[in-house]
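Q: Residues per chain are reported as follows:
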Amino acid sequence: MFKKIVSILIVLILGTAVAFFVFKSEPKLNSNFQNEWSFFKNSPFRLGLDLSGGSHLIYKADVSGVKAGDISVSMDALRDVIERRVNLFGVSEPIVQVQSSGFVSGAEEKLIVDLPGVTDVEKATTMIGQTPLLEFKTEAPKDTPQKATVDKDGKVSLDTSPQFVSTELTGRYLQKASLEFDQTTREPKVSLQFDDTGTKLFAQITKDNVGKMVAIYLDGAPISTPVVREEIPNGQAIISGNFTPIEGKQLVGRLNSGALPVPISLLSRQTIGATLGSDAVTAGVKAAIIGFLIVALFLILWYRLPGFIAVLALCLYITIMLALFKLLPVTLTAAGIAGFIISIGIAVDANILIFERLKEELHTGRTISGAVDAGFHRAWSSIRDSNFSTIISAIILFWFGTPLIKGFALTLGMGVLVSMFSAIMISRIFLSGLVLVGEGKVARFLFSSGFSK
Amino acid sequence: MFIIKHKKIFISISIVLVLLSVASLFIFGLRVGIDFNGGALTEVVYKDSRPAQSDLDTAFKALDLGSVLIQPTGELGYIVKSLDLNEAQHILLLKTLSQDGESPLEEKNFNSIGPSVGRELTRKAIIAIVLVSLGIIFFIAFAFRKVSKPVSSWKYGLMAVVSLLHDVIIPIGLFTLLSYFYGAEIDTLFVVAALTILGLSVSDTIVIFDRIRENLKDKTGISFSEIVGKSLDQSYMRSIFTSLTVIIVLLSLFFFGPESTKYFALMLTAGMFFGTYSSIFLASPLLVLVEEWQERKK
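Note that the protein sequences, when read in sequence, are chains A and B.
Our numbering puts the first residue of the first sequence at 1, with every later residue one more than the last.
Our numbering puts the first residue of the second sequence at 454, with every later residue one more than the last.
No lab work stands behind these hints, which were simulated from the structure alone.
Hints may be right or wrong, so weigh each one.
[Unchecked claim] Derived DEER-like restraints, expressed as beta-carbon distance ranges:
1. THR526/B to LEU12/A: 44 to 52 Å
2. ARG572/B to GLY90/A: 34 to 42 Å
3. MET213/A to ALA541/B: 32 to 40 Å
4. ILE300/A to ASP510/B: 49 to 57 Å
5. LYS500/B to GLU83/A: 44 to 52 Å
6. GLU555/B to SER101/A: 44 to 52 Å
7. GLU555/B to GLN193/A: 32 to 40 Å
8. GLY527/B to LYS286/A: 41 to 49 Å
[Said to hold, decoys possible] Within a straight-line C-alpha distance of at most 25 Å, the following computed DSS-like cross-link-like pairs (lysine-lysine) qualify:
9. LYS24/A to LYS286/A
10. LYS670/B to LYS123/A
11. LYS715/B to LYS286/A
12. LYS577/B to LYS359/A
13. LYS548/B to LYS123/A
14. LYS359/A to LYS670/B
15. LYS751/B to LYS599/B
16. LYS406/A to LYS672/B
17. LYS359/A to LYS683/B
18. LYS406/A to LYS577/B
19. LYS189/A to LYS200/A
All C-beta atoms, glycine included, are put in the ideal place defined by N, C-alpha and C.
Chain B extracted, bound-state conformation:
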């Protein structure tokens, strides 16, 4: 009952976090990576020692490759970001990086994406986001079609969607900080992470709503807020544990997993964490709030 009693505090925390995330999105913005914008990314590792970054910068200024951004990576490597490159330009780039063969290097990763491929991916991503959202909303509507008293089923659906938005917006807000301070860029995996959060977080909310639904059937004569409070008491532990196991493996993926999925794992961890928070401290308290408003209107 603790949660229901202090529901306004918990709901406020969520509102503040969402507002901060949206604000951060507008202030810091998101860096869009080459997956969507097109461009080239070259990662090289030098055999013995890497040349000074300033030397390479000067060398690239003399060339006609557009703006070239060089970032050090690891002990001996550089990541070079540029416009998308054709064969000749790619060879030129490698030649410049190796200072005409004086600093031998190995190319670890090269990725050049034409602008049209980027546009295509953007369109695909938008369609996927729309479809996943629609699919989940229909699913929620279906899952709660039988509950109607005292709060009608579409309101359960609405609350689930509200907490869903909360669960996606906060990790995106965190990503803007990563983007601003560590140069993380939106890539395909970012979109996948957002869509996976949509799928995973709604499931948590549904487990608790399921409990409310069950308790509503069994008990009559107790107030709605008490039933919700009781349902929460019964299910918050398992909600936390089910998320905890996923968070454990995600953190393991973040700390030990491949470089390419690090930000992905971090974003999903945030999504799982706030997804659990929202299903316990946001969705159900909101339901009670809605029911109280209904009562007052009568």
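Okay, chain A solo, but in the shape it has when bound:
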């Protein structure tokens, strides 16, 4: 008997601790959230794009020019480049992922970019698609006719400065760019370090052009035209243009992020305004609370004492789920919240199966404690079997799903698993403890339910 009371207390204390964590880690519920532990601060609910607002972009990568064996390498390189570009613009928690071709996902190599909080798609796509093209040009012999050039993105540009001719040296051979300030003028300048090939090319160019101008072009426009004084063998160059420190910093970032290894084109994009998202969150929370209250009312009115226990177990179930959402973390979408709300209904199922059994066992004349044990024992196979099919659906949905389906499948599947645990462990510990109320008429009334005689 003592053991039973101790287990109840342990469950209650653990449950309260979990609830405390969920409560404390919500910025909206704590007035001075900034002063909380970092553990609390780092565990918010992670909201999907449809709830937080933002852009979801799907790009197709054109890998036709890449050897079959190198595709995954160049897709990874592509992801890294895009990730750097996105980070450069200060988007919080962007997600950039590669979706490789395959039987299920189709024949195309895709790149999926999620930008929370970015609702200006035009800006977003420009900053992702932008390829900084850095070129070094040397003075052309006199009387060179104008000509059109085609850069590697397929853009045709008319070379408006025929006094320079292109060299082999481009941003491709750049190892690193960094922002520096001139010692005397405090003017920002960008320092470039070439890789081995670039160093050789640069040395050759500077050697051939001593006393002449070398033009540095960015995106087809000259930004700096220094005169070469001597051969530079160490692969270091300085661009000093008329840019502000901020422009200089952006240029460094863009140069460092490099050119795209494969061309990409936009297949689909979705933007969700922030208000729409927060409306959906409010509505989802409201639906969950109202649904829970009605179910709780029904359980207590119909199943009496066991019903009250079930509501307690359900509260614990909900806090465990919310804590898991925060800790794992699970990215919540509108569909995910729907999955969670449905799982609240399903979580009650197991309790109902047990209580109906319990009632039957009481009718056969067992004592309350005998009925509780038998009820749990005999309901288990039904609970296991009936949840199994839902788990099958959830797993397959998760495996094949787009983010939307995944969110739903994950919360539903997790919900079913956690609810089995909460029905079997938590409800059982509570109910067996309550056997203490004795075997009197009142006790039997409290354990009965519905229209039972």
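Since the structure of chain A is provided, determine the placement of chain B on it from the hints.
A: Frame of chain A, contents of chain B only:
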């Protein structure tokens, strides 16, 4: 026993509902949304007042954006459906909607899906439907492998599958009506709803079959139909209650939940309702019917 006595009436109700749903599917058809077909959907809300729909229609006719469908939403908003749009076309669309800036607006939602993404999702959806169905059929076969007398286990499985189809077809039939009268479209969530119904409804049937299985073990000398009737009497209450709690939360999701999951919640509610109906009034009565046919043949 009431249910078993009048089994033919209940089975007929199911047959009629399924036939009506199939008929409605052929008559009204289903609107396929941009998730599968590709296309663009733009939702805007105007700051002060929204321009007349006819003005916008005329403005769009002059543009080269293909067919553009404008529907009012809420007090001040429009939802615009069109072919999938690139950057320039998207800007043009917004400019036209705001009547060159005269009617300031906020873009709440923009979704443009290329046809290849739509095709990919269609393929995924079909694979998922096939796999979930197979998984559930194998599970049913496994769950009933031990029952064999007097009705063999594969027949339990077959009845579970029949009621499963019933549970999915009727909500789809209802969705065709929503589609026809309210413009609901098949999207990813529709497929998810159908697959979730598959998972949830079979569980109800299994709980009752489980009871029949148990009673068959305990009692001998009573007729099969009596055992089924008794099992139903024992379990219909809890079958209804377990579904009821799920239906309660689904209705709460429908009435109070986010806009984007409204039809989803409604379809699942219908699925749960007919899933419960079928596990009580269809699957088990069908079992008895099958057993009676077997007896007659002997």
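Q: Tell me the hint numbers this structure goes against, listed in increasing order.
A: 5, 7, 8, 10, 12, 16
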